[in-house]
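Protein sequence lines, in the order shown, are assigned to chains C and L.
Just add 1 to wherever you are in the first sequence, counting from 1, and you've got my numbering.
Just add 34 to wherever you are in the second sequence, counting from 1, and you've got my numbering.
Mixed in with the good hints there might be a few duds.
Here are some chain L residues pointing at chain C (derived, C-beta under 10 Å) [said to hold, decoys possible]:
(1) V46
(2) G49
(3) T64
(4) Y69
(5) M87
(6) K90
(7) T115
(8) D117
(9) S118
Rather than coming from a laboratory, the hints here were simulated on the basis of the structure.
All C-beta atoms, glycine included, are put in the ideal place defined by N, C-alpha and C.
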Amino acid sequence: DTAVSQTPKYLVTQMGNDKSIKCEQNLGHDTMYWYKQDSKKFLKIMFSYNNKELIINETVPNRFSPKSPDKAHLNLHINSLELGDSAVYFCASSQPRPGGWNTEAFFGQGTRLTVV
Amino acid sequence: GEDVEQSLFLSVREGDSSVINCTYTDSSSTYLYWYKQEPGAGLQLLTYIFSNMDMKQDQRLTVLLNKKDKHLSLRIADTQTGDSAIYFCAEDSSASKIIFGSGTRLSIRP
C-alpha cells in the first residue's frame, strides 16, 4: 500500500503545452510538498502546503500552480511548458510537530518530466 | 541563508567504511536526516538524529552530530555494492520546511 503516490511516472510533452502531475498520500499527514530535482540531482523545494493552505512558495515561475483539493492531495499544474522545466518532480508529505518543525518527509517515486 | 552543503562525490573500496559529511546553517534545526536515493527511485529515509544527541548508531550506520560546528556525518561500515546511491543530508529548518543538501554520490569499487 503506497504511502505517497504520484502519477504519471513519466511525462513527455512538447513546449508550450499545459500538464498536471497528481500526488496523493495515505499517511494522514497535514503537510505536503513539491520538490524539483534537476539533472545534477539538486533537490529544491518548490511549494509546501499545510492542511490545504499554501505556506511556502519558493522562487518558482507562476506558470507552476499547485492545487490542494484536500489535505491528502497536492497536484501540480504547469502552464506553457519550457525546455528548462525538464526535471524529476517529487511529491512528499510530513507531519508538523509542535514548535513548527516536521517529522521526516516521505517521498513519492517521482515524475520524470521531459519537455521537447 | 539556508544552505545544506555536501561534497558531490565519494568513492570507497568494498568492505571499507564510507563517511559522508554535511554542514547545515539553521542552528535551530531540531531534526537532521539522512536520505538515500537509488537510481530511478524516490528518496528513502535512512536515519535521523535529534539535535540534542551527539551520536546515533543503527546497525551499519553511525550518525555523528557536532551542533557547535553545524556538522553532520554519516558513516557506513563495511560498505557493500548495494550501498551505491546518492545520499542526501536534510535539516528540518525553523521555516517549517525540510531543506536538502546537494547529495553525495557514493560509488563502490571492488
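Right, here's what the structure says about each hint:
A hinted interface residue such as V46 (chain L) counts as satisfied when its beta carbon comes closer than 10 Å to some beta carbon of chain C; here the least separation is about 19 Å, so the hint is violated. Using the Cβ-Cβ criterion of 10 Å, the hint placing G49 (chain L) at the interface with chain C is not satisfied: the shortest such distance is roughly 26 Å. With a least beta-carbon distance of about 5 Å to chain C, the hint placing T64 (chain L) at the interface is held under the 10 Å criterion. Evaluation of the Y69 (chain L) hint against chain C yields a held restraint, the C-beta minimum of about 8 Å falling below 10 Å.
With a cut of 10 Å, the hint placing M87 (chain L) at the interface with chain C is violated, because the nearest CB-to-CB distance is about 15 Å. Checking K90 (chain L) against chain C by beta carbon gives a least distance of about 14 Å; that is not within 10 Å, so the hint is violated. For T115 (chain L), the shortest C-beta to C-beta distance to chain C is roughly 20 Å, which exceeds 10 Å, and the interface hint is violated. Checking D117 (chain L) against chain C: minimum C-beta separation of about 17 Å lies over 10 Å; hint violated.
At a threshold of 10 Å, the smallest CB-CB gap from S118 (chain L) to chain C is about 14 Å, leaving the interface hint violated.
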